[in-house]
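Novice: Protein chains in written order, with my numbering: chain A, 14 to 257; chain W, 14 to 257; chain B, 14 to 257; chain Z, 14 to 257.
Among these hints, one or two may not hold up.
Where chains are identical, the list cannot tell them apart; a pair therefore holds if satisfied intra-copy or between any two copies.
[What the hints assert, rightly or not] 27 Å max Cα-Cα, derived DSS-like pairs, lysine-lysine: (1) K64 to K144; (2) K204 to K28; (3) K58 to K169; (4) K28 to K145.
I should point out that these hints are in silico values taken from the structure, not numbers from a laboratory.
There are 4 protein chains.
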Amino acid sequence: MLLNCDLGESFGYWKIEADPLVMPHIDMANIACGYHAGDPCVMVKTVALAKTCNVKIGAHPSYPDKQGFGRRSMALSRDEIEAFVIYQLGALVGICQSQGCKMSYVKPHGALYNDMMKDDHVLQGIFAAIKKFDKNLPLLMMATPKNQSFRNLASKHGINVLFEAFADRAYDDQGLLLARTEEGAVLTSSKAIMKQVQQLAQHGTVTSINGRTITLEADTLCVHGDNAQAVEQIIQLKTLLKKP
Amino acid sequence: MLLNCDLGESFGYWKIEADPLVMPHIDMANIACGYHAGDPCVMVKTVALAKTCNVKIGAHPSYPDKQGFGRRSMALSRDEIEAFVIYQLGALVGICQSQGCKMSYVKPHGALYNDMMKDDHVLQGIFAAIKKFDKNLPLLMMATPKNQSFRNLASKHGINVLFEAFADRAYDDQGLLLARTEEGAVLTSSKAIMKQVQQLAQHGTVTSINGRTITLEADTLCVHGDNAQAVEQIIQLKTLLKKP
Amino acid sequence: MLLNCDLGESFGYWKIEADPLVMPHIDMANIACGYHAGDPCVMVKTVALAKTCNVKIGAHPSYPDKQGFGRRSMALSRDEIEAFVIYQLGALVGICQSQGCKMSYVKPHGALYNDMMKDDHVLQGIFAAIKKFDKNLPLLMMATPKNQSFRNLASKHGINVLFEAFADRAYDDQGLLLARTEEGAVLTSSKAIMKQVQQLAQHGTVTSINGRTITLEADTLCVHGDNAQAVEQIIQLKTLLKKP
Amino acid sequence: MLLNCDLGESFGYWKIEADPLVMPHIDMANIACGYHAGDPCVMVKTVALAKTCNVKIGAHPSYPDKQGFGRRSMALSRDEIEAFVIYQLGALVGICQSQGCKMSYVKPHGALYNDMMKDDHVLQGIFAAIKKFDKNLPLLMMATPKNQSFRNLASKHGINVLFEAFADRAYDDQGLLLARTEEGAVLTSSKAIMKQVQQLAQHGTVTSINGRTITLEADTLCVHGDNAQAVEQIIQLKTLLKKP
């Protein structure tokens, strides 16, 4: 199971200092495209860093909302979503191309990601963007018990889908993320996180908040890397996942 | 001599209605990339219109200043200019690619265009952007008596340059545009405009405000298309230039 | 019944030319505060025009979304709405104050207006903003059969409410605006518009799309003024409303 | 001599964590108004913090350039500067007013500050903004040997001026800040900083990089507060300045 992480989320003066610490330990970098974070200079640096570390580059497109960091839903039409995603994919590919490297996948950010999982017009807008831009780019979605259903929808457009699980989030009995407002939604102990990841990697299951065993098929694990403690945890996870 | 025109300069609610009237009569469309004007939806429509009309698509990158329409100089570093231009080129190529068409050249907009003609670090930033992004894209610059000097600078980066003259602007004795603050800077009579264009096309010269004949080598003619009267003039110019 | 109109909705290069034609014929100008439209220069000009025409100035705050013209819902928290509205009120008051005139009321724009009518946390955020900023500013809301209920909510914060009806929109049997997606939602004939306004002014009622008579108490009538035809209609309405 | 510090320079997701550590130790908080940094929510929090700490609130208006943090010159006209400054003053006053506190002075930020010291049209735009908005707000400028000349210019508009010196910047023989590109431009040793401040406070002079004694009249001292080390230094300076 590969590790993916949101990176390149500095903006102008405001720097997320941990990027160079995180990059060497992950496999896939979801790079902000200037809509929720990042700017052309940040993108240039982040792509260069990913290239140096031999990490796969993914586009991390968002709703156009820097002040809200792309975390607020916006009522965009299907066509707006399609156009906005293509714009961001193109911008990041341009920066990759100028450094002789390539972009490998698409993972929507924040509210766009959440809305994609539940609103069909959002998902269709993203499918259409990828189909028209480059249908060889897989779309990274959230692993749930409905993976096959999403895979089927995507295949109608000739698009591949990858799924990610979360190392530090509790799951409910439906195999969905427990809402952050619920108690225990975020796993804080390193032991609990390691246990969840090991189970995912070995058995393809998670244990829900109520103790049920849920099958969850995941190609990659989403980790967070915005501070020093987070980096430590990524290194532990990487070590764990490398074990035979 | 081909006609080039700035298009796709609507933004969200604010529409420049003349685009569909202008597009059929020009040869090269300089399409805004979202920094001074345009947004992903406007870009999608404008690229589609250019494709339908079989018009060459050029990127029209700008300083990041929508409120000022890219007409205000900004003190950006060479590296910032490089990154900002690559970002915009990529975004427009993305939209072209999603419609199965291609981008053919780069013409900076407004203050970025003017600064490129006089500030070396701006020109070098633009050269670097094109060189890294795709050195087959020619850069469209203002025709002056110094064409060869700019051609030489560009060739050091392996880049081609095209030059444009202006149909409706008076020239000074140095072959530069008379500043807009000077009397007579803008040609308003259709007759004067036609005369200047005919002279450019037939003899490769303009007559300066003081009556001197100045050699001015131009590959293309910049026309304006933001209102109905302008469209009429473009049609007249097109007819004039088509004559044997 | 006073006429209110959204004005000052130019932005930088993009001009709504009708403002000076409309202003002399209305009573209340809802002036954009830079979030969906307007910029400080546009605001300065619009306030000056309102002052010259002796028209009441109202703030027209919006979600922060220029590309979407404030017409797309955004999932802002109550506190964000409060802060964003106060910011915009302050900015417009600053410009009024610099010209020796005053701001008289608040009318939210677009999606913020619609959300205020149906989402309690949006309404509460707006109430809180006005209460803290200046509780003497009345809030302009949409006239519906629930006027009294909104009046009661507002009075808990010590705030006054004004209600507006629409000249050119059809109403459903609940006294709400017929959705724009429905046939007949927008009245296009001048005759139908005049009839609806006359009925509102004389009897305080509208006739719904299904022929029912609905009581609708309105302090002011919202008119649109973004083109020359609209101006003509405003003049007709003004004449109609002035008749004894 | 009072201590002034730029605060409220977080933006959305990007937090400058030191604000609550710095505020208790300064006298005047220059609060970002949303153009180079800050947003309405950040402004609300920062004003509340200043109020709690009984610190004077100053507006810190900027060029409209968040990505460049207001540090890049922009070629704005006098009228644009006037309107942009009024807008920002109004917005911050709105937030102050909603918390029952007041704004006491104006200190332009970054490139706008630097341009004000050397370009007359920028200074005149700022003077006009303050004069029209509230002429009781003093303008905070850089202390140089030309203080009296600026005082005279301001008094023509009925405006007061305050001057600030810098604790950690070396001065040249003209009493201007040594350019950051020069060696020794920034004082890094705590000892050198304390010495410069003590000399300013006791004698109203600085020793230039070449050893000359320059008279420099300053009402306040600009300190930086964006990290923990900076906070430590502010506390030392405060202690030093409090000594009889």
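Novice: The structure should be examined with respect to each hint, and the outcome stated for every one.
Specialist: Going down the list of hints, with the structure as the test:
no.	hint	in the structure
1	K64 to K144	both (26 Å within a copy, 19 Å between copies)
2	K204 to K28	neither (30 Å within a copy, 29 Å between copies)
3	K58 to K169	between (36 Å within a copy, 25 Å between copies)
4	K28 to K145	between (34 Å within a copy, 26 Å between copies)
Figure legend: structure checked against the earlier numbered hints; the only hint not met is number 2.
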